[in-house]
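Residue numbers (this note's numbering), protein chains in the order written: chain A, 1 to 238; chain B, 1001 to 1348.
Careful: at least some of the hints might be erroneous.
To be verified - Cut-off 25 Å, straight-line C-alpha distance, at most; resulting in silico cross-link-like pairs (DSS-like, lysine-lysine): (1) K3/A x K182/A; (2) K1207/B x K1017/B; (3) K1231/B x K66/A; (4) K115/A x K1207/B; (5) K29/A x K207/A; (6) K185/A x K207/A; (7) K115/A x K182/A; (8) K207/A x K172/A; (9) K137/A x K1015/B; (10) K182/A x K199/A; (11) K137/A x K1231/B; (12) K3/A x K185/A; (13) K115/A x K64/A; (14) K1337/B x K137/A; (15) K1231/B x K55/A; (16) K137/A x K1340/B; (17) K185/A x K120/A; (18) K185/A x K137/A; (19) K1015/B x K1345/B; (20) K29/A x K3/A; (21) K13/A x K55/A.
Hints listed in this document are in silico derivations from the structure and should not be mistaken for laboratory results.
Since the structure is predicted, the reported quantities are computational estimates derived from the model, not experimental observations.
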Amino acid sequence: MEKIIETNNLNKKFGGVSALSNVNFQVEKNEIRCVIGPNGAGKSTLFKALFGLIKLDSGTVVVKGKEISNFEPSARVRLGLGMTFQTIRAYNNLSVRENIEIASGFSIGNYSDEKSNLLKELIELFDFSINSNFPAKNLAHHHLQWLEILMIIHTGADVLLLDEPTAGLSEKETGMTADAVKSCKKHGLTIIVVEHDLKFIKQIAEKITVMHQGGVFYEGDLQSTLNNVEVKNIYLGH
Amino acid sequence: MGPLQLFLGERDLGKQKSSLIFFLAYLVSLSIVPMVMGDYEAMNFAYFLLNIPLGLSVTLVWGYCGILSFGQIAFFGVAGYAYGIIAGNLTQLPAYEFIGIGGGILSSMLLASILAYFLFFARVENWIIPVLTLVFTLLLETFLAQTAGYQWKIGNVLLGGYNGMTGIPSMRLPWIDDPLYGYSFYYYVLTFVALVFVALRIFINSKYGSIIVAIREDSLRTEVLGYDIRKWQFFVFVLAAALASVSGILYVQWGNYITPSQLGLVAAAQPVIWAAIGGRSSLLAVSLSTIGMTWFSFTLSTQGNQLSLIFIGAAAVASIMLFRDGIVLTLWNSVSKLGKLFEKKCDN
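Construct the complete structure from the given sequences, taking the supplied hints into account.
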């Protein structure tokens, strides 16, 4: 299967703390990968490294066969990367419609049939209007989360980096987010998710990467990861 | 969206079609003002109007893009000096004033480009930009202040050191021999400023305005949606410099002189104060506050009141503490709310 993302020995220190330590991370096209680990393991830092939001000490990032370590974040978006943040970053003071327009580069509807169908499915699933003129800050929390996901898909992204997309969501809303992720996969997207919610992970994970102290600690499918004693230990602090 | 729809767009006061009446009334009242004044008073009122592009330049770069710049007065000054040098040396050419205007605007834009390159492509943090732009302005003032002497003569034009450049050519229209003065100068300024206002309002209500506002709202989010925000900030900064340069050129055509003190600390703060008092996220509000505050300052100064700066400073502090959105913007929004309440009561 084609490797869509590949990192080679990523290293990043903040002061004396190793945020990323020789991280070799590979994701295949159309995969759903979950990245888990205790707080401070380096999961969000890995995302920031993939997007060029931090300057790496060493290592390379390859996306769709292109070495992008020196690419600006905006250039990485043009390659097809899209990212949601741990704390939701939609434009709260702008209307929902403006959020979508800005994300789409003011070319809403100018998509392939596949992308258009995906967007139609997601909008139906999330059940809110993307043409609303109400400010985004008036949206309920779960709608804001979903708005951010819709925004990055509207950029044309086919590799989604979702950082804790179910934070603060109810069980039903988490289930709907899982359905959305599966829908994205069905339409050919690659999804990498950082999450703590095990119920959500169980619904979507094909492969799991466990990070610990800045490095990749373990990789495997859902069952083997959950059964791994050492993985359990790092969560329980042994 | 057509130009009219863009003019009435979402990013400024006066979004409804009915607001056109207000704009028309605004323009008409400014047009008839000189009819109740003499030539001299009309020239003075022209001074209030010509500062509007300078106020709008701060509104664009700070209110809409989130970059607080104390450097707009530097571009005002550079344009004024450049006009003086170019027009002062080319008096034998036809339409030399227009060459001077073009040269003045381009000079400011070039200088702004150099500064903007270092600010935005080096990703200088937003909070440092006010300091850097103020330092840049004061350095320019210091440099100009020491340009006394004949070694600082460019062609026929002396820079003049601290006493400044004098004898700057007035504006003439190609088909009229006499320079514009009084009513004619007033209407020339009104036309120029009105065109700038309309063009800027259409721009800010377009999709480009949305992107600029998105950068203000959340620059990281905007970058991660695929916009190279360095280029956008660069573009906005240079455009704002062009706006400030229009005021600088109109100023020297008005007074026929410019001194380094026009780029000093007090001058640098003025347009920021106008924007803060008016409401920095509204072109219309700042155009009104610019007229108001320059009239206020001019009136106090001409009456020999030494406290004009203190009054202006106090107004700025009061505005920031009591009217966070600006006095004009707050008043407008309050009147709009009252209007809607009144409408509701009438419907009931």
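Hinted pair K137/A and K1231/B, Cα distance within 25 Å: Since the Cα atoms of K137/A and K1231/B sit roughly 28 Å apart, the hinted pair is violated (cutoff 25 Å).
Pair hint K1231/B and K66/A, alpha-carbon separation not exceeding 25 Å: holds (24 Å)
Straight-line Cα separation of K3/A and K182/A no greater than 25 Å? holds (19 Å)
Given the hint that K185/A pairs with K120/A, test it: the Cα-Cα distance must not exceed 25 Å. Satisfied, since the Cα-Cα distance of roughly 15 Å is no more than 25 Å.
So if I understand the rule, the pair passes when the alpha-carbon distance is 25 Å or less; does K115/A with K182/A pass? holds (14 Å)
Quick one, are K29/A and K3/A close enough, alpha carbons at most 25 Å? Holds. K29/A to K3/A sits at ~6 Å (cutoff 25 Å).
Does K55/A lie within 25 Å of K13/A when you go C-alpha to C-alpha? holds (10 Å)
Between K115/A and K64/A, does the CA-CA distance stay at or below 25 Å? The hint holds at about 19 Å.
Is K3/A within 25 Å of K185/A, Cα to Cα? It holds: about 15 Å lies between the C-alpha atoms, which stays within 25 Å.
With a cut-off of 25 Å on the C-alpha distance, tell me whether K137/A and K1340/B pass. holds (23 Å)
Please verify whether K137/A and K1015/B have alpha carbons no more than 25 Å apart. It holds: about 21 Å lies between the C-alpha atoms, which stays within 25 Å.
Hint check: K115/A vs K1207/B, CA-CA at most 25 Å. Holds or violated? holds (23 Å)
Checked against the numbered hints above, the structure violates hints 11, 18; every other hint is satisfied.
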